[in-house]
Structures are given as C-alpha cells and as structure tokens.
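J.: The lines below spell out each chain.
There are 2 protein chains.
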Amino acid sequence: MINIAVMGYGTVGSGVVEVVNTNGARINQRIGEELNIKYVLDLKDFPGNPVQEKIVHDFETIIQDDDVKIVVEVMGGIEPAYTFVKRCLLAGKSVATSNKALVAKHGAELLSIAKDHNINFLFEASVGGGIPIIRPLNSSLTADEIEEITGILNGTTNYMLTKMFYEGADYDSVLKEAQANGFAERNPEADVEGYDACRKIAILSSLISGQQVDFEDIYCEGITEITVEDMKYAKAMGAAIKLLASSKRYSGNRLHAIVAPCLLYPDHPLYNVNGVFNSIFVHGNVLGDAMFYGSGAGKLPTASAVVADVVDAAKHLNRNIMTMWKQEKLKIEDKAGSRRKFFVRMKGSEEELLPQILDSFGEVEVVKVPGLDGEFGFITPVMMEGDYETRAGLYQDQILHMIRIEEHKK
Amino acid sequence: MINIAVMGYGTVGSGVVEVVNTNGARINQRIGEELNIKYVLDLKDFPGNPVQEKIVHDFETIIQDDDVKIVVEVMGGIEPAYTFVKRCLLAGKSVATSNKALVAKHGAELLSIAKDHNINFLFEASVGGGIPIIRPLNSSLTADEIEEITGILNGTTNYMLTKMFYEGADYDSVLKEAQANGFAERNPEADVEGYDACRKIAILSSLISGQQVDFEDIYCEGITEITVEDMKYAKAMGAAIKLLASSKRYSGNRLHAIVAPCLLYPDHPLYNVNGVFNSIFVHGNVLGDAMFYGSGAGKLPTASAVVADVVDAAKHLNRNIMTMWKQEKLKIEDKAGSRRKFFVRMKGSEEELLPQILDSFGEVEVVKVPGLDGEFGFITPVMMEGDYETRAGLYQDQILHMIRIEEHKK
Numbered sequence: 001m002i003n004i005a006v007m008g009y010g011t012v013g014s015g016v017v018e019v020v021n022t023n024g025a026r027i028n029q030r031i032g033e034e035l036n037i038k039y040v041l042d043l044k045d046f047p048g049n050p051v052q053e054k055i056v057h058d059f060e061t062i063i064q065d066d067d068v069k070i071v072v073e074v075m076g077g078i079e080p081a082y083t084f085v086k087r088c089l090l091a092g093k094s095v096a097t098s099n100k101a102l103v104a105k106h107g108a109e110l111l112s113i114a115k116d117h118n119i120n121f122l123f124e125a126s127v128g129g130g131i132p133i134i135r136p137l138n139s140s141l142t143a144d145e146i147e148e149i150t151g152i153l154n155g156t157t158n159y160m161l162t163k164m165f166y167e168g169a170d171y172d173s174v175l176k177e178a179q180a181n182g183f184a185e186r187n188p189e190a191d192v193e194g195y196d197a198c199r200k201i202a203i204l205s206s207l208i209s210g211q212q213v214d215f216e217d218i219y220c221e222g223i224t225e226i227t228v229e230d231m232k233y234a235k236a237m238g239a240a241i242k243l244l245a246s247s248k249r250y251s252g253n254r255l256h257a258i259v260a261p262c263l264l265y266p267d268h269p270l271y272n273v274n275g276v277f278n279s280i281f282v283h284g285n286v287l288g289d290a291m292f293y294g295s296g297a298g299k300l301p302t303a304s305a306v307v308a309d310v311v312d313a314a315k316h317l318n319r320n321i322m323t324m325w326k327q328e329k330l331k332i333e334d335k336a337g338s339r340r341k342f343f344v345r346m347k348g349s350e351e352e353l354l355p356q357i358l359d360s361f362g363e364v365e366v367v368k369v370p371g372l373d374g375e376f377g378f379i380t381p382v383m384m385e386g387d388y389e390t391r392a393g394l395y396q397d398q399i400l401h402m403i404r405i406e407e408h409k410k
Numbered sequence: 001m002i003n004i005a006v007m008g009y010g011t012v013g014s015g016v017v018e019v020v021n022t023n024g025a026r027i028n029q030r031i032g033e034e035l036n037i038k039y040v041l042d043l044k045d046f047p048g049n050p051v052q053e054k055i056v057h058d059f060e061t062i063i064q065d066d067d068v069k070i071v072v073e074v075m076g077g078i079e080p081a082y083t084f085v086k087r088c089l090l091a092g093k094s095v096a097t098s099n100k101a102l103v104a105k106h107g108a109e110l111l112s113i114a115k116d117h118n119i120n121f122l123f124e125a126s127v128g129g130g131i132p133i134i135r136p137l138n139s140s141l142t143a144d145e146i147e148e149i150t151g152i153l154n155g156t157t158n159y160m161l162t163k164m165f166y167e168g169a170d171y172d173s174v175l176k177e178a179q180a181n182g183f184a185e186r187n188p189e190a191d192v193e194g195y196d197a198c199r200k201i202a203i204l205s206s207l208i209s210g211q212q213v214d215f216e217d218i219y220c221e222g223i224t225e226i227t228v229e230d231m232k233y234a235k236a237m238g239a240a241i242k243l244l245a246s247s248k249r250y251s252g253n254r255l256h257a258i259v260a261p262c263l264l265y266p267d268h269p270l271y272n273v274n275g276v277f278n279s280i281f282v283h284g285n286v287l288g289d290a291m292f293y294g295s296g297a298g299k300l301p302t303a304s305a306v307v308a309d310v311v312d313a314a315k316h317l318n319r320n321i322m323t324m325w326k327q328e329k330l331k332i333e334d335k336a337g338s339r340r341k342f343f344v345r346m347k348g349s350e351e352e353l354l355p356q357i358l359d360s361f362g363e364v365e366v367v368k369v370p371g372l373d374g375e376f377g378f379i380t381p382v383m384m385e386g387d388y389e390t391r392a393g394l395y396q397d398q399i400l401h402m403i404r405i406e407e408h409k410k
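Same order as they appear, the protein sequences are chains A and B.
According to this note's numbering, the residues represented by the first sequence are 1 to 410, in order.
According to this note's numbering, the residues represented by the second sequence are 1 to 410, in order.
No lab work stands behind these hints: they were computed from the structure.
Incorrect hints may have been included.
Note that the list lumps identical chains together, so a pair holds whenever it fits in one copy or between two copies.
Distance condition first, Cα-Cα at most 25 Å in a straight line; then the derived DSS-like pairs of lysine-lysine [said to hold, decoys possible]:
id	residue 1	residue 2
1	LYS315	LYS115
2	LYS299	LYS409
3	LYS326	LYS115
4	LYS409	LYS347
Modelling step: build the complete structure from the supplied sequences, incorporating the hints.
T.: Below, the structure is given as structure tokens:
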C-alpha cells in the first residue's frame with residue numbers, strides 16, 4: 001500500500017479525492033499497489049462528508065508520518081505551500097502540485113531538492129489543467145530542440161474573447177456573464193491581465209530552455225483593452241483575437257517570451273480553440289508542428305493530471321525522473337528585437353494619413369470596417385517590435401490600439 | 001557511452017541517423033551519456049555517404065555485440081522484423097520501432113518478453129508518427145478510464161479527402177495527384193482501404209483495454225467509394241468527411257472499434273484537421289476531452305518519435321516502463337450494437353419515398369443538394385447499426401451510399 005496525503009480540500013483537492021475514489025481499481029492496477037489517501041490537510045472540518053475521517057489540521061502530522069510517501073499540494077499561493085512542499089521533499093516525500101505560482105517561482109529549487117533525494121517533484125496540472133504537456137515535454141519531445149511553444153493557457157479569457165468574437169458583446173458585459181456563471185473570479189485580475197498565462201509560459205519557457213525564466217521578465221498584456229471595434233476589424237481580416245502566451249527560440253538559448261492578445265488567421269492551429277478550452281502549440285526542429293488540446297482548468301480535469309503525477313511518483317518511488325530546469329537564470333530577450341506584423345487602428349482619414357504611414361511603415365495593408373467612421377486600420381510588414389515602436393511614436397495622438405499578429409510559419 | 005544499432009536505412013532509418021546527428025548534444029544532455037550509433041543494418045551499401053562506415057549486412061553482428069544496448073527497428077513488415085526484434089529482446093537489448101504491423105500483431109508478446117528481461121519495447125512512432133500518443137496513454141492519462149479514442153490516423157487519406165472537400169475534385173484525380181507528389185504510394189491499398197488506420201486503432205484499442213485487440217476483428221471501410229456527390233451533401237449538411245479510426249468503451253471492457261469515413265460537424269475537435277496532418281481525440285472519464293495533433297508521418301517527425309523512444313530506453317536501461325497490454329484477447333463487440341446517426345443517399349423522388357422512409361427509420365432529416373436530381377439524402381435518428389441494416393435492407397435498390405455520422409458528445 002502506498003499512502004499519500006492531500007494538502008488542501010478546495011476545488012482541486014476534492015477532485016483528487018473523487019478521482020481516486022472513482023478510478024481506484026484502474027489506478028492501483030497501473031501502480032501495481034494499492035493507493036491510499038491517509039490524510040487530507042485543511043483548516044476546515046467537513047462533518048457528514050466521508051473525507052472527515054482523514055482530515056487533519058496540522059501539517060506536522062503529515063511530515064512526521066514516514067508511511068506517507070507522496071504528498072499532493074493543491075492549496076495554491078506561495079505560502080505556506082512553499083514551506084510545506086520544501087519540507088516534504090527534504091523529508092524524502094515526493095510531491096505533486098497544481099500550483100503554478102509555486103512552480104513558476106520555486107520550481108528549479110524544488111526540482112533540485114527532489115533530485116538530491118532521489119524522489120520527484122511533479123507539476124503536470126500547473127499548466128494546461130488536464131492537458132498532458134509537462135510530461136510530454138520532459139519525456140516525449142526529447143529528440144527535438146523546441147523552437148516555439150505558444151499556448152492559449154487561460155480558459156477564462158478564451159471564453160470571454162470567444163463570446164466577444166461570436167456574439168459581438170463588449171468586454172464588460174462578457175466579464176459580468178463569465179463571473180455570473182463561474183468562469184471568472186470576482187476579482188478577475190489574474191486572468192484578464194494575463195498574469196495567470198504569464199506564470200504558465202514562464203514554466204514552459206524554463207522547461208524548454210533548461211534554465212530559470214522569471215515571469216516578471218516576460219512582457220504581459222491582458223485583454224482589458226480589447227473592444228467591440230477590435231473584434232470587427234478582426235472579422236474583416238478573417239482573423240480571431242486570442243490571448244497567446246508564447247516563447248520562441250531565436251538562436252541558441254535566446255528566448256523571446258510574451259503574453260498578449262494576438263490576431264490569428266485560420267491556418268494557425270490555435271485559431272479554432274474556443275470557449276474555456278486550452279491548447280498548446282509546439283514546434284520542434286525535427287518534429288515540426290504538434291498541438292495539445294483539452295480542458296485547461298476545472299475540478300476533475302485538473303485532478304486527473306494531479307493523480308497521474310501521483311501514479312508516476314508511485315511508480316518511481318526512489319528514482320528521480322524530472323527534469324532539465326536549472327536554477328541558473330535565463331534572461332529573456334528584449335521584446336524590441338522580436339519580429340512580427342502589427343495591426344494598428346488609427347484615428348483620422350485614410351486619405352490624409354496613408355501617404356505618411358507608407359513612408360514610415362513601408363507597404364502596409366489597409367483594413368476598413370463598414371460603419372466605423374473616422375478611423376481605419378492597417379497591417380504593417382514584418383518588423384522588429386522596437387522599429388514598430390519608433391514609428392508608432394510618430395503617431396501617438398492618432399493610434400487607437402495596436403494588436404500583434406501571430407502568423408503560422410510553414 | 002550508449003551504443004545503439006539501427007535496422008533499416010530507408011526513409012525513417014535515415015531520419016533517425018539525421019536526428020541523432022542534428023540534435024546529438026541536446027539528446028546526450030537528456031540521457032546523461034553519449035548516444036552512439038554503432039551499426040546500421042541494411043542490405044544495400046551507401047558509398048560516399050558517411051553512414052557507410054556503420055553499415056553491416058548481417059544481423060548476427062548486432063545481436064552478438066554486447067555493447068549494443070538499444071536497437072531501432074525501422075525495416076517495416078512482419079518478417080524478418082519480428083524474428084530480429086524478438087531475438088534482440090531475448091538478448092537483453094531494448095527495442096524502439098515504428099513498425100505498426102509488427103506492433104499490432106506481436107505487441108503483447110514482445111512487451112511481455114521485454115518485461116521479463118527488465119528492458120523495454122517502445123513504439124511511439126507506430127501510431128501518429130511524430131505525435132506523442134503512446135507515451136501519454138501509458139504515463140500521462142493514468143488516472144482515467146479512457147472511454148473513447150478516435151483518430152485521423154492516416155495522412156494520405158486525410159490529404160485526399162481534404163482536397164476532395166475543398167476543391168471538389170474526384171477520387172481518381174486526387175489519388176493520382178497524391179501519388180505524383182509523393183503523398184500516396186504507387187499501390188495505395190493500405191492507405192485508401194483503411195488497413196493502415198486499422199492497425200493503428202488496433203494498437204490504441206489494445207493499450208486502452210489492456211488486452212490484445214486483433215485488427216482483423218475491426219470492421220474496416222476505406223475511402224474508395226467517396227464521391228464528388230457525397231462531398232456536396234457533406235457541405236449541404238455543414239459537415240466534413242474524414243476517415244476516422246475509433247474505439248469506444250460501451251461499458252466495462254466492452255469495446256466497439258471501427259474504421260470508416262464519417263461525417264463530422266464543426267463542433268467536433270477533429271473537424272478542422274486537414275491535409276496530411278493526423279490528430280487523435282481522447283475522452284477520459286475524469287479528464288474529459290483532449291486532443292493530440294501533428295505530423296502523422298514523414299521522415300523527420302517519425303524519426304523524432306523513434307529517437308525519443310531511444311532516449312527513454314537509454315534512461316531506463318534496466319527498468320521496464322511499459323505497459324498494460326496482455327496477450328489475452330479482447331473480442332471487439334459486433335458493430336450491429338453500436339449506436340449513431342446515419343446519412344443515406346437515396347435514388348428516386350423524396351415525395352414518393354419519404355412517407356415509407358419515415359415509417360421505417362422514424363423522424364429523418366432530409367438533405368437536398370441543388371443540381372443533384374433524381375436523388376436525395378436523409379439523416380436517420382440515432383439507432384443501432386444492426387437496426388439500420390435491417391431497415392436499409394428494405395431499400396437495397398434505392399440506396400446509393402451510406403456514410404456514418406460521428407457526433408461529438410458533450
């Protein structure tokens with residue numbers, strides 16, 4: 001019998017208990033031993049719930065029980081999660097977590113402790129919820145240099161942008177609706193400002209570079225400025241707007257990483273990812289294009305990934321399997337050097353401004369939306385973001401909005 | 001240093017050598033040791049090619065060299081591949097293969113030999129080319145009961161159906177074009193009759209059931225009967241036609257498996273998979289929907305998957321990691337018991353036949369294509385295939401074609 005403890009009985013924690021109860025027979029068959037949840041750590045009690053007999057309020061109960069070989073951390077937040085997880089690993093207990101904030105900040109250190117103790121620190125659920133992406137990167141795409149990883153990594157904003165695109169609704173009303181039906185938090189900042197996606201792409205960037213990428217270094221722009229008018233231009237261009245979190249290798253270990261709403265054309269594999277779904281596009285230098293799609297959040301999909309980590313930890317009780325992610329920091333390249341097309345919405349009349357725009361930006365493509373008077377849009381040629389900014393500086397008073405264009409390279 | 005041998009220097013074999021040459025530094029870093037291709041087995045010589053110095057013509061050279069720890073089998077076909085692979089495993093050498101025919105037929109036995117010898121028999125590249133699917137099923141989706149796995153598993157037929165759909169071309173001319181540009185073999189039977197997809201879904205069915213599923217037991221219908229007219233009806237229905245290979249769990253370990261062209265609506269995750277790409281949709285009882293997409297064939301993508309298996313084998317030299325697939329045979333359920341809607345093209349006039357059709361099939365939905373005179377189509381309610389066949393028997397002389405409809409259950 002393999003005893004585990006679950007720290008946190010919130011949404012994901014109760015999902016973990018449910019998954020083990022529901023699929024226990026199959027899980028035990030895969031491990032080759034019986035998996036037993038010995039403790040559930042929570043501040044609260046759950047009288048009348050069968051979980052109550054496993055509830056403990058004191059972390060010391062778990063850390064001092066040598067029978068507990070694997071600990072699930074699904075409390076969220078940095079503290080006390082970080083202290084608890086570190087003590088578990090130092091005590092020789094493997095840890096599985098869904099906590100992206102913890103992994104983004106302390107992943108390298110926790111992996112290194114796990115390695116020293118011949119145990120495992122696993123975090124499949126921290127990116128993409130139920131979608132397998134961490135383990136594929138670590139153990140499937142091992143023959144490749146990963147040149148790009150671009151994801152729709154936040155279900156809330158994808159749900160909102162999908163609604164805005166297909167129903168023409170505005171940002172505020174879509175946010176209210178998403179909050180009403182539980183797809184957005186009452187304080188939606190972490191989602192709509194892109195912070196959640198930013199932590200996730202920091203984790204993926206660390207994994208593909210093998211070094212620590214700090215999320216604070218990644219330029220992060222949310223969806224709060226996306227308007228009904230922007231969506232009309234997107235439709236006129238035959239494109240969709242998605243919040244993309246992207247990491248691209250320019251040469252050697254030089255990574256460009258960014259979180260921002262982007263215009264995507266239908267030939268991009270992420271174009272059709274709608275609603276609360278997440279999807280992660282990967283380009284390997286020999287593999288070519290691949291994509292992983294599924295439920296990026298939710299109680300049971302996330303719990304499915306956490307329990308899969310528990311199974312993996314149980315099959316590798318005294319053997320470290322993870323991963324190339326050193327504490328040495330990788331400085332993300334300045335976004336001024338990244339290259340792409342830009343879509344620009346401009347106040348004023350095309351006739352008047354276009355000659356000057358052609359002069360500053362080169363051969364632009366004009367986009368007009370019938371009914372939107374007193375403004376027009378244009379698409380720049382591919383240029384460095386620094387060069388775009390220099391040119392955009394000339395039109396500070398006229399530029400209404402700029403949205404980056406993400407093209408699918410073939 | 002870890003020495004390996006590559007058996008077969010055809011498309012995939014030369015790709016394996018190229019991937020190891022290109023990404024050797026990263027691969028060695030992942031393994032923690034230097035990977036060295038010691039032998040390449042082929043009947044031919046390759047004078048002037050650097051591979052020549054590794055070429056051997058006699059399998060005995062490989063089997064008798066105790067330095068060779070991992071053997072790559074990319075010869076294809078059952079013999080001599082089966083004999084060679086079995087001898088390698090019995091001699092304590094791990095094997096990585098892309099050979100779907102070999103895996104479908106002898107996978108269970110070869111896995112059992114590998115387990116007995118504490119080594120590994122790995123076959124990621126046998127299904128979906130470069131797309132990671134075997135390893136995710138084996139080590140990521142381990143907390144789930146997999147209730148459905150449905151894939152576009154053959155790039156040739158998907159390329160052809162995409163051309164037929166978007167360009168209105170007929171089967172014969174699309175086949176000729178695919179042959180001319182190398183997407184189809186001169187003898188296209190294995191692809192267009194669905195045999196290739198059938199072996200792949202047999203492998204996936206064995207993995208999700210844990211028992212041997214024989215491809216001969218799976219009903220297999222190719223794309224040779226798909227016409228320009230069928231595509232017109234598909235468009236009228238807002239649907240696409242794809243060659244799907246599918247395995248569904250009805251209850252317990254009762255599996256329905258089938259290979260057949262199917263009509264898909266845009267809400268199905270596989271609807272947008274076009275051209276030579278492959279994609280595999282998976283539904284787990286707690287995970288929900290997931291999808292894996294990428295290059296299903298081709299020299300480098302396939303080689304990427306083979307080399308990833310080599311890396312895994314190198315990291316687990318004396319430890320068996322694969323998998324639940326017993327030799328005990330699982331009898332696939334009779335397709336008469338599977339349930340779905342059917343699209344039927346009928347000769348004759350709607351006015352005349354519809355009353356009788358409503359009487360036999362229940363509330364059907366009529367589909368008309370402007371310009372296609374003397375015929376009409378209808379969509380049946382969800383029914384068992386056996387019941388459909390009984391009813392279709394009444395209209396033998398009028399039914400021009402039946403295509404199954406694959407609905408995405410939410």
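J.: Can you give me the call for LYS299 and LYS409, within, between, both or neither, at a CA distance of at most 25 Å?
T.: between (35 Å within a copy, 20 Å between copies)
J.: Using 25 Å as the alpha-carbon threshold, which applies to LYS409 and LYS347: within, between, both, or neither?
T.: For LYS409 and LYS347, the Cα distance exceeds 25 Å both inside one copy (31 Å) and across copies (46 Å).
J.: If the cut is 25 Å between Cα atoms, do LYS326 and LYS115 qualify within a copy, between copies, both or neither?
T.: Answer is within: at 11 Å inside a copy they meet the 25 Å cutoff, but 33 Å across does not.
J.: Is the C-alpha distance from LYS315 to LYS115 at most 25 Å within one copy, between copies, in both cases, or in neither?
T.: This pair counts as both: shortest intra-copy Cα distance 16 Å, inter-copy 15 Å.
Consistency with the previously given hints fails for number 4 only.
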